[in-house]
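S.K.: Chains C and X, in that order, give the protein sequences.
For what it's worth, the working numbering labels the leading residue of the first sequence as 1, then goes sequentially.
For what it's worth, the working numbering labels the leading residue of the second sequence as 1, then goes sequentially.
Wrong hints could be hidden among the right ones.
Claimed, not checked - Derived pair list, reagent style EDC-like, types lysine to aspartate or glutamate, alpha-carbon separation capped at 20 Å:
{"hint": "1", "chain 1": "C", "residue 1": "K11", "chain 2": "C", "residue 2": "E79"}
{"hint": "2", "chain 1": "X", "residue 1": "K68", "chain 2": "X", "residue 2": "D84"}
{"hint": "3", "chain 1": "X", "residue 1": "K37", "chain 2": "X", "residue 2": "D59"}
{"hint": "4", "chain 1": "X", "residue 1": "K5", "chain 2": "C", "residue 2": "E3"}
{"hint": "5", "chain 1": "X", "residue 1": "K37", "chain 2": "X", "residue 2": "D24"}
{"hint": "6", "chain 1": "C", "residue 1": "K57", "chain 2": "C", "residue 2": "E95"}
{"hint": "7", "chain 1": "X", "residue 1": "K54", "chain 2": "C", "residue 2": "D38"}
{"hint": "8", "chain 1": "C", "residue 1": "K57", "chain 2": "X", "residue 2": "D24"}
{"hint": "9", "chain 1": "C", "residue 1": "K57", "chain 2": "C", "residue 2": "D73"}
{"hint": "10", "chain 1": "X", "residue 1": "K68", "chain 2": "X", "residue 2": "E15"}
{"hint": "11", "chain 1": "X", "residue 1": "K68", "chain 2": "X", "residue 2": "E58"}
{"hint": "12", "chain 1": "C", "residue 1": "K11", "chain 2": "X", "residue 2": "D24"}
{"hint": "13", "chain 1": "X", "residue 1": "K5", "chain 2": "C", "residue 2": "E59"}
{"hint": "14", "chain 1": "C", "residue 1": "K57", "chain 2": "C", "residue 2": "D38"}
{"hint": "15", "chain 1": "X", "residue 1": "K56", "chain 2": "C", "residue 2": "D38"}
{"hint": "16", "chain 1": "X", "residue 1": "K56", "chain 2": "X", "residue 2": "D24"}
{"hint": "17", "chain 1": "C", "residue 1": "K57", "chain 2": "C", "residue 2": "E79"}
{"hint": "18", "chain 1": "X", "residue 1": "K37", "chain 2": "X", "residue 2": "D84"}
{"hint": "19", "chain 1": "X", "residue 1": "K37", "chain 2": "C", "residue 2": "D38"}
{"hint": "20", "chain 1": "X", "residue 1": "K5", "chain 2": "X", "residue 2": "D31"}
{"hint": "21", "chain 1": "X", "residue 1": "K37", "chain 2": "C", "residue 2": "D73"}
{"hint": "22", "chain 1": "C", "residue 1": "K11", "chain 2": "C", "residue 2": "D38"}
{"hint": "23", "chain 1": "X", "residue 1": "K37", "chain 2": "X", "residue 2": "E15"}
{"hint": "24", "chain 1": "X", "residue 1": "K54", "chain 2": "X", "residue 2": "D84"}
{"hint": "25", "chain 1": "X", "residue 1": "K5", "chain 2": "X", "residue 2": "D24"}
{"hint": "26", "chain 1": "X", "residue 1": "K71", "chain 2": "X", "residue 2": "E42"}
{"hint": "27", "chain 1": "X", "residue 1": "K37", "chain 2": "C", "residue 2": "E3"}
These are computed hints drawn from the structure, not numbers from a lab.
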Amino acid sequence: DAEITQSPRHKITETGRQVTLACHQTWNHNNMFWYRQDLGHGLRLIHYSYGVQDTNKGEVSDGYSVSRSNTEDLPLTLESAASSQTSVYFCASSESMASGSSYEQYFGPGTRLTVT
Amino acid sequence: DQQVKQNSPSLSVQEGRISILNCDYTNSMFDYFLWYKKYPAEGPTFLISISSIKDKNEDGRFTVFLNKSAKHLSLHIVPSQPGDSAVYFCASIRGHNTDKLIFGTGTRLQVFP
Numbered sequence: 001d002a003e004i005t006q007s008p009r010h011k012i013t014e015t016g017r018q019v020t021l022a023c024h025q026t027w028n029h030n031n032m033f034w035y036r037q038d039l040g041h042g043l044r045l046i047h048y049s050y051g052v053q054d055t056n057k058g059e060v061s062d063g064y065s066v067s068r069s070n071t072e073d074l075p076l077t078l079e080s081a082a083s084s085q086t087s088v089y090f091c092a093s094s095e096s097m098a099s100g101s102s103y104e105q106y107f108g109p110g111t112r113l114t115v116t
Numbered sequence: 001d002q003q004v005k006q007n008s009p010s011l012s013v014q015e016g017r018i019s020i021l022n023c024d025y026t027n028s029m030f031d032y033f034l035w036y037k038k039y040p041a042e043g044p045t046f047l048i049s050i051s052s053i054k055d056k057n058e059d060g061r062f063t064v065f066l067n068k069s070a071k072h073l074s075l076h077i078v079p080s081q082p083g084d085s086a087v088y089f090c091a092s093i094r095g096h097n098t099d100k101l102i103f104g105t106g107t108r109l110q111v112f113p
């Protein structure tokens with residue numbers, strides 16, 4: 001069965017360190033998204049990609065970067081981790097609008113990141 | 001600027017009764033709406049959706065109603081079950097030029113026996 005996985009599931013890091021969160025999907029979806037979930041804010045979009053070599057900033061992109069070298073993976077990098085980036089991070093994927101999809105996004109299980 | 005609002009952070013309902021979760025949006029260009037359900041320590045999962053050309057969509061115990069003039073949608077769960085206890089997010093999209101969803105802040109539903 002197709003799926004979307006994230007690793008690690010839990011991560012504790014120190015302020016100033018670079019951290020990379022992995023996301024891998026086997027749906028063969030063109031679209032991939034990174035969100036963070038914080039109390040009172042719901043799910044906020046960090047970065048997204050509509051295909052290989054395509055990346056775009058979301059509403060809370062400062063301090064984060066992504067790269068898309070293949071269809072399956074969209075790693076999220078925190079260049080210099082800050083305490084404000086303590087959060088739960090979700091990766092999602094979806095078919096492209098051009099395919100006539102229902103816009104449904106499939107989510108991974110999440111990564112809980114703590115920056116101390 | 002919160003374009004999708006869920007003004008009730010929590011809701012408590014007795015098992016067997018109806019649960020009504022509400023969502024308001026500000027952008028009249030939104031033309032597709034989705035509800036997601038999220039259990040603790042899991043990712044959100046798609047529940048039900050509705051296009052702006054409809055005012056109701058039903059799937060088993062779940063019905064979504066859309067009132068375009070009021071920019072309001074609601075999710076009805078009948079009858080509510082303890083397994084429905086979760087956080088529910090509504091999401092909207094302006095489908096013509098983007099695949100990005102805009103999520104509300106979520107409503108925590110607790111269904112008690």
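S.K.: Does each hint fit the structure? Answer for all of them.
M.R.: Now for the hints, and whether the structure bears them out:
no., hint, result
1, K11(C) - E79(C), "holds, 15 Å"
2, K68(X) - D84(X), "violated, 27 Å"
3, K37(X) - D59(X), "holds, 14 Å"
4, K5(X) - E3(C), "violated, 30 Å"
5, K37(X) - D24(X), "holds, 17 Å"
6, K57(C) - E95(C), "holds, 19 Å"
7, K54(X) - D38(C), "violated, 32 Å"
8, K57(C) - D24(X), "violated, 25 Å"
9, K57(C) - D73(C), "holds, 17 Å"
10, K68(X) - E15(X), "violated, 30 Å"
11, K68(X) - E58(X), "holds, 17 Å"
12, K11(C) - D24(X), "violated, 35 Å"
13, K5(X) - E59(C), "holds, 16 Å"
14, K57(C) - D38(C), "holds, 19 Å"
15, K56(X) - D38(C), "violated, 31 Å"
16, K56(X) - D24(X), "holds, 16 Å"
17, K57(C) - E79(C), "holds, 15 Å"
18, K37(X) - D84(X), "holds, 9 Å"
19, K37(X) - D38(C), "holds, 16 Å"
20, K5(X) - D31(X), "holds, 16 Å"
21, K37(X) - D73(C), "violated, 25 Å"
22, K11(C) - D38(C), "holds, 16 Å"
23, K37(X) - E15(X), "holds, 18 Å"
24, K54(X) - D84(X), "violated, 25 Å"
25, K5(X) - D24(X), "holds, 5 Å"
26, K71(X) - E42(X), "violated, 30 Å"
27, K37(X) - E3(C), "holds, 18 Å"
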